[in-house]
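So the sequences go chain by chain: A and B.
Residues 196 to 410 in this note's numbering are what the first sequence spells out, letter by letter.
Residues 128 to 472 in this note's numbering are what the second sequence spells out, letter by letter.
Don't take every hint at face value.
Stated by the list, open to error - Calculated lysine-lysine pairs in the DSSO-like style (CA-CA distance at most 27 Å, straight line):
no. : chain 1 : residue 1 : chain 2 : residue 2
1   : A       : LYS354    : B       : LYS159
2   : B       : LYS254    : B       : LYS185
3   : A       : LYS381    : A       : LYS352
4   : B       : LYS353    : B       : LYS296
5   : A       : LYS338    : A       : LYS363
6   : A       : LYS338    : A       : LYS354
7   : B       : LYS392    : B       : LYS346
8   : A       : LYS352    : A       : LYS338
9   : B       : LYS159    : B       : LYS185
10  : A       : LYS352    : B       : LYS159
11  : B       : LYS423    : A       : LYS381
12  : B       : LYS428    : A       : LYS381
None of these hints come from the bench; they were simulated from the model.
Bear in mind the structure is a predicted one, so any value in this text is a computation, not a measurement.
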Amino acid sequence: MGENRLGQSANKLYEALVLLDRPRIEEIFIQAVGHASPLQVIEDMMIPALRRLGDEWSAGRIALSQIYMGSRICEDLVERVLPASAVERKSYPPMAIVLLHDYHTLGKRIVLSVMRASGFNILDFGHMETDELVGRVLSSDVKILLISVLMLSSALKVKDVRAALDAKGARVRIAVGGAPFLFDSKLWREVGADAMGYNAADAVAIVQDWRKDWS
Amino acid sequence: MTTAMQRVMTAIGQREPDRVPVFLSVTMHGAKELGLSIRDYYSRAENVVEGQMRLLDKYRGDGLNAAYYAAIELEAFGGETIFFEDGPPNAAGPVILRDEDIDRLEPVRITDAPGLVRALETIRGLKERVGDTVPILGSAISPFSLPVMQMGFDRYIELIYEQPVRFAKLMAVNQAFCADWANAQLASGATAIGYADPMASTTNIPREIFLKTGYPVAKETIGRIKGATAFHLASGRGLGIVEDIVATGASAVGVSTFEDLADWKAALRGRLTLIGNLNGVEMRRWSAERAETEVKRAIAKAGRGGGFILTDNHGEIPWQVPDATLLAIRDAVDRWGRYPLDWVE
Numbered sequence: 196m197g198e199n200r201l202g203q204s205a206n207k208l209y210e211a212l213v214l215l216d217r218p219r220i221e222e223i224f225i226q227a228v229g230h231a232s233p234l235q236v237i238e239d240m241m242i243p244a245l246r247r248l249g250d251e252w253s254a255g256r257i258a259l260s261q262i263y264m265g266s267r268i269c270e271d272l273v274e275r276v277l278p279a280s281a282v283e284r285k286s287y288p289p290m291a292i293v294l295l296h297d298y299h300t301l302g303k304r305i306v307l308s309v310m311r312a313s314g315f316n317i318l319d320f321g322h323m324e325t326d327e328l329v330g331r332v333l334s335s336d337v338k339i340l341l342i343s344v345l346m347l348s349s350a351l352k353v354k355d356v357r358a359a360l361d362a363k364g365a366r367v368r369i370a371v372g373g374a375p376f377l378f379d380s381k382l383w384r385e386v387g388a389d390a391m392g393y394n395a396a397d398a399v400a401i402v403q404d405w406r407k408d409w410s
Numbered sequence: 128m129t130t131a132m133q134r135v136m137t138a139i140g141q142r143e144p145d146r147v148p149v150f151l152s153v154t155m156h157g158a159k160e161l162g163l164s165i166r167d168y169y170s171r172a173e174n175v176v177e178g179q180m181r182l183l184d185k186y187r188g189d190g191l192n193a194a195y196y197a198a199i200e201l202e203a204f205g206g207e208t209i210f211f212e213d214g215p216p217n218a219a220g221p222v223i224l225r226d227e228d229i230d231r232l233e234p235v236r237i238t239d240a241p242g243l244v245r246a247l248e249t250i251r252g253l254k255e256r257v258g259d260t261v262p263i264l265g266s267a268i269s270p271f272s273l274p275v276m277q278m279g280f281d282r283y284i285e286l287i288y289e290q291p292v293r294f295a296k297l298m299a300v301n302q303a304f305c306a307d308w309a310n311a312q313l314a315s316g317a318t319a320i321g322y323a324d325p326m327a328s329t330t331n332i333p334r335e336i337f338l339k340t341g342y343p344v345a346k347e348t349i350g351r352i353k354g355a356t357a358f359h360l361a362s363g364r365g366l367g368i369v370e371d372i373v374a375t376g377a378s379a380v381g382v383s384t385f386e387d388l389a390d391w392k393a394a395l396r397g398r399l400t401l402i403g404n405l406n407g408v409e410m411r412r413w414s415a416e417r418a419e420t421e422v423k424r425a426i427a428k429a430g431r432g433g434g435f436i437l438t439d440n441h442g443e444i445p446w447q448v449p450d451a452t453l454l455a456i457r458d459a460v461d462r463w464g465r466y467p468l469d470w471v472e
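In isolation and in its complexed conformation, chain B is listed as follows (with noise of 0.2 Å):
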């Protein structure tokens, strides 16, 4: 039989395994399963390694998500992290409270944050139980990307235009910063990295400002992470710098519902894998027969001859979709994902 492991890393070969894979992105939900808060969920590391075994024998998903949330790399700066009852916990403010704070800013160890070290014993945990049959995908926020939470969106953007040294000396420190973290993840047995680097995105910042800012960044980042990475756009367009992403050395991309998938397919030429792009905060009106569709719908645009996985635009799918939605969507994957695709035109 065909383990998760084998599957996936067919597919990434840009060969057609037994079937399409898939990531469900399911993250804050092992707290259901647990009957946890949110907060409680992710205050101990044997908590998210038992909710996510018992995400994957629930959905049989071809991968276990290994990140927590986006905040907790704030936290390992001082920041602090707001949790909610029914959705993502977020970060409570900034950690740059002056533009001058960059020039002060110094690199951040790992085994000195608390949630990052946490983190760590959750993918050593799963790896414990699933050894080399299940791939681990740990995540990084970008270097490039992080600074919308260490200072604020609008403060972040008047920095990458009106101050380019401090912009440098940030990206200097968030760069080792997410090379360690991303390093520590594949140490302690994550199979891949998620590079979340939203703002590279066309919708985020003009591709031209891009090359001359995230881009040298991403390239650099990304060759220093000693595993495969996942380009992660998180929702955002970016089809205007695929060319700039294959570039930088990862071996897939995840990409936006806004974008077709076939489009995609067609510009990455075999170069990466697609990562896609099911809509998750429609998903949560989904019937069992609209999952059908749309399952159907990207696997006919993305689903030949491997170099896909099916997975969420985002990355996270929302605390609201409910579970028999995502049993719907996982069942049209065995229904309309086995290889080879005869049903395809």
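So here's chain A without its partners, still in its complex pose (with noise of 0.2 Å):
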């Protein structure tokens, strides 16, 4: 299958994951896997839906429920045909989410579905607070790390954990995402993150750029 007409397809499964369209989901991706492999389908069907989601609730034309429940599905059909185990999964450098000092977990839950359903292997820490994310990322060597919070005050310690990562000369890429981010569009820098999405996909995007400096 081209990468033409795997682009076409992608039109349409965003059109379906728009509409939460499951079945006509489903007959889209099992189609392309007929065609094409699973990693060439992700990259050339898969992601750029999925870019197209974030895209659009970043412009305020569709609602995180239909990215969460979208993200959702995304990730089970990617999972039946790239496991977890699967070598072609992306998984090096070791990478990692988190929810940082805070509570709020659904922006790290659709992260993580985008990532998976995008072919990454990527560690879920959960929530931790700052020393035991740090300890956590040294022991796991974590060069990728992605930041969920919802709260300003949460944001503000994600520059204690660049500078518990510095001083331990940890050489670790970190990338924010939440609220506090998209209201304050400074913030990502001040916190001394070296990226921030601005929706979900973006993570996809922002990873993807950075792999390459380990390949």
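Could you use the hints to bring the two separately framed chains together as a complex?
In structure tokens form, the structure reads like this:
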């Protein structure tokens, strides 16, 4: 299946995702993996469709509930053809996601689904505070860390994570996401992050870009 | 001299008072004024009464904010609250652990919830201090938004889409609770209720789903509340459901900083009072000049003809916003908010 054809399927997949039409989503996906490798389908169909969902949410044209339900369906479909243990999964460099000093889990859950639906293997650290997170990043040799928060006070704690990792000489790229960063576009730089995502699909683009430095 | 109550009531009546009313949504900031931790501050009604009175004196706002914190409503359902040193208390975790728990969920009596009883004492204490001179603003989380805390946002979205019968049961329990809680606050002396419904926002749910779920719930619940309500979207977008919000019977609407006040003012056509929409998160970094620019911009867009109350876009200004910035905002309202707004083109 050519790139163009998968691109057309990406549009169809997007439309089905907006409607949360699960049978149609499955039909489009199964048809695509019948003609191309799972990774090619992910790269040329799934990721563009999820990217467009994210952009439309950022523009206020679709809702978070559609992103959440849609990304879960995509995660489930991709798991079927590319289980977590599959060697084709994008596992290098080691990467993780965490909810920092915060109890609002939805943002992290969506990013996790979108990352997994995009073929990544990513560690889920759950909810952590600074010291525990730094210890876990070091012990797991994590190189890319995605941090999700909802509260401003939690967002400001990213600065402590950055300082602690720097003090240990750990070369870790940090991408942040969540409401405080949307409301204050300069906040991610202030807390020492290397990038911020405006929506879940941005995490995929950021990580794909950073992975080039480890290839 | 015009009292804050007269100023606000004139604005709500879609007429121009002496100046644009301003609500600075300072809640936990009372702890700073009293030199207490946020946990200690909220442990006694007298603390919150004193804290709010000091904040009123300091910032010369046009309302007293009697709201505690969102998780206090979850405490009524058996939930626990986690306190922080520098931010709003959070719900520690859901109280509906399995979907089947909804089937056995019973309405909660306000008098059985110590936190809510304390909040009602606070309203009575504030009323004793200010009588009818300053509006006292109560708050209630909408039945449609409360489940985000009751069961977690992700599981709640799944419930909305996949389990209509259980969703209806949960709404029935929450509607009874919300109306009782709002009416208890009004009976204790609250002037109006902030009906917090961020889940209704098109940021969170598409309008076609809202119309089948949160909208009828809002309309019915607001109808049961025996006083004025402000439909608050708590930072979420709402222009796509403006007619629906008007139809709920709310008296005012609190809107997002991501939407244009002029668009909202035009869409409302004087039917509801517009409340908004300074960016509370960004406010932390504002200089006095920037604060003035933002106040001026908001008033220029929405001040003409009354029907506008200047406030932040979330209903709670972050702990980290400096006092000097809040004072600069307040001073700018004096400078640019005097009616008639002849400087507005």
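These are the hints, each one checked on the structure:
no., hint, in the structure
1, LYS354(A) - LYS159(B), "holds (24 Å)"
2, LYS254(B) - LYS185(B), "holds (19 Å)"
3, LYS381(A) - LYS352(A), "holds (15 Å)"
4, LYS353(B) - LYS296(B), "holds (23 Å)"
5, LYS338(A) - LYS363(A), "holds (13 Å)"
6, LYS338(A) - LYS354(A), "holds (17 Å)"
7, LYS392(B) - LYS346(B), "holds (22 Å)"
8, LYS352(A) - LYS338(A), "holds (19 Å)"
9, LYS159(B) - LYS185(B), "holds (12 Å)"
10, LYS352(A) - LYS159(B), "holds (21 Å)"
11, LYS423(B) - LYS381(A), "holds (23 Å)"
12, LYS428(B) - LYS381(A), "holds (25 Å)"
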